[in-house]
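Each chain, written out:
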Amino acid sequence: MELLMAILIGVLFTAAVYLILSRSLLKIVIGTGLLSHGAHLLILTMGGLGGASPPVLAEGVTDFADPLPQALILTAIVISFGVTAFILVMAYRAYAVHKTDDMNQLKGNDEHD
Amino acid sequence: MINLLLFPIIIPFLFAILLLFFKENVRMQRVLTLIGVVLSLVASFYLLITVKTDGVQAITLGSWPAPFGISMVSDMLSALLVTTTLLLTLFVVIYSFTSIGQERERFFYYPAILFMVTGVNGAFTTGDIFNMFVFFEVLLIASYLLIVLGGEKKQLRESIKYILVNVVSSALFVITVAFLYSVVGTLNMADISVKITEIGQPGIITLIAVLLLIVFGIKGSIFPLHFWLPGSYAAPPIPVLALFGALLTKVGVYAIMRTYTLFFTHNIGFTHEILMALSILTILIGCIGALAYFDLKQIIIYNIVIAVGVILFGAAQMNEAGISGAIFYLIHDMLIKGALFLLIGIIIYVTGTSNLRKMGGLMKTHAPLGWFFLIAAFGLAGIPPLSGFVGKLLIAQGAFQAGNVWGSIIMLASSLIVLLSVMRIFIYAFWGEPVELPKTNRKSYVRMMFPAIAMVVLSIFYGVGTEWLIPYMTDATDVLLDPSIYIDAVLKE
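Residue numbers (the working numbering), protein chains in the order written: chain A, 1 to 113; chain B, 1 to 493.
Just chain A, with the same shape it has in the complex (with noise of 0.2 Å):
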C-alpha cells in the first residue's frame, strides 16, 4: 500500500513541478495546489498506514491509526489554504495591473543599469 502511495506522491510532485515552470501564473498556482496535496499525502503515507480504527477512543478497540501525522496534515492544510488563497488574490491584483499572465513579461529591469 505504502508503494502505490509513493508512486501515486511521486506523480503528484511530477505534475506540480511541471506546472511550476509553465509561463502561465494561474497554471503555477494549480501547480502548488497540486504541490501541497502531494506534501500532505506524504504525511501521511510516512506515518504509516497500518492502524485498523481511527483514532478516537472507544471501548475495546487498540489498533489505532497513528492521530500524529493527522494533526500535523491538519495543520498543514489550513496553513497551505490561507497561502493559496492570498495568492489567488496576488495573482488578480498583479493581472489587473500588469495587465498580463504571462510570467515571462513580469520581469522589469527598469530602475537598474
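Among the hints, erroneous ones may be present.
These stretches of chain B come out as covered by chain A in the derived footprint (C-beta under 8 Å, 3 or more residues) [unchecked claim]:
{"hint": "1", "region": "145 to 159"}
{"hint": "2", "region": "164 to 174"}
{"hint": "3", "region": "178 to 192"}
Because the hints were derived from the structure by calculation, they are not lab data. Even glycine gets a Cβ: it sits at the ideal position worked out from N, Cα and C.
Could you slot chain B onto chain A? The hints should help.
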C-alpha cells in the same frame, strides 16, 4: 516565572491582535506598537539574564512530559537572537513613523510587523521541528503582507516570485519533516537528536540533512538558492527591507546552525563539507553581485548574501573558535545590516534616487549622515575596533585550526570586496560635485537620523564591548558544541 521564555513571543502577538481593532487611528497604532516592542524587549533582556545565571530554559506546553508536548527552549543563542530581533524592531518601528507614510500605516502595517516578530522569535525559541515549520509560516505570511503592502507595480511583480519560492520551500519543509518522522518517529528536537545518535546516522538521515539544508538554504539564501533574494528585496520600502534583510535570512541561518549542531553530527565529513563548499560559493557570488551594481539597495542586498556565507562558513568548522565566531558575526550582521539599510534609506530619501551615478557631494549638505555611514561601512567590513572584527577573526582562527586554509583566505579576501562595495557608495554619494537635490523636509530627515544613529552607536558598543560579551558567547557556543546540555535541559531525566 517558568513561562518567561514565552513572553517575547506572546507580547508582540497580543499587541498585534489589539492593533487590529484600531485600523484608522494611526497615532494609537504607533503608541501601542512602541509599548508592545519595548515590553517584549524588557522581557527578553530579563530572559537573557535568567539564561545566563540559570542555564538553558525549557518548558513543555501544557505540562506534558517532554517528547510528547511541544517544547520551547531558550538557550543562550536563541535568547541573544530574540533580544537582537526586538532591539532591531524597535528602531525600525521608530524609523517607520516618519518614513512609511499614512496609507500603509492605515492598512495593518504595524500588526504585520508584530506578527512577523512573533514568528521570528518563535522560530528562534522552539524546540519542536514541526512547530518550527508553523512559526516559519507565521513569519512568512506576515512578510508576504509587508512585501506587497502598498500595491505598487514593482511590489506586485516581485512579491509573486517571493511567495512562490517560499511556498515551494515550505512544501519541501513539510516533506522533509515527514521523512524525518518516518525514520525517528518523533518531532521533539532534543528527542530527534537522541534517536539519531542511537541509530548512528545511516544514509537516509544524511539525505534528510541535505534536504533540510536545501529548505533552510532557500530561506537563508545560500548559493545556489539565493536567486530570489535580490529582486524580491528591492521591491518593498526601506523599513520593511531593513527588517527582512536583518531578520528573515538569519532565521534560515539559525535553523541550519541548530540542526547541523544538534541532529547531524555523526557524518560531518559529508554534511559539513557540503555546507562549507556552499558557504564559500555563497561568499563568492555575493561579492560578484556587490561589485556589479550601481544601485544602493542592490549593493547592500548582495552584502546580505556575503554575510550568510561567512556565518555558515564559521558554523561548518564545528570547533569552538569557528562556532563562536559565527555567533558573534550573526548578531553583528543583524545590527549592522539594520543600520546600513536605515542609512541608505535616508540617502535615497534625500537624493530621491537609488542610482549611485546620479548622486554626489552630499558631504557638504549632510555631513553627519556621511560620517555615520562611513562608520557603519567600516563596521561591516570588520575594521578592528568596530563590530565585524571579532567574528571574522574567530571564524578565520577556527578555519585555520580545522585546516581549511583556502576557505578562510577567500573569506578574509571577501572583506576587501565588502569594503570596496560600501566605500564606493560613500565616494559616489558623499564626495564629488554636489548635484541638485529634490526638495525634502529637513525635519523628517532629522527624525529618520535618530534610529539610524542609535543602531550605528549600538554596533560600535557591540564592537568595543567584546570583552564584556564573551561570557554570553561562550555559553551559546557550549550548548551548540555539546548537544547533551540542550537534551538534558529538555528531556530532564
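Going through the hints against the structure:
no.	hint	result
1	145 to 159	holds (count 7)
2	164 to 174	holds (count 6)
3	178 to 192	holds (count 5)
The structure meets every hint from the earlier list without exception.
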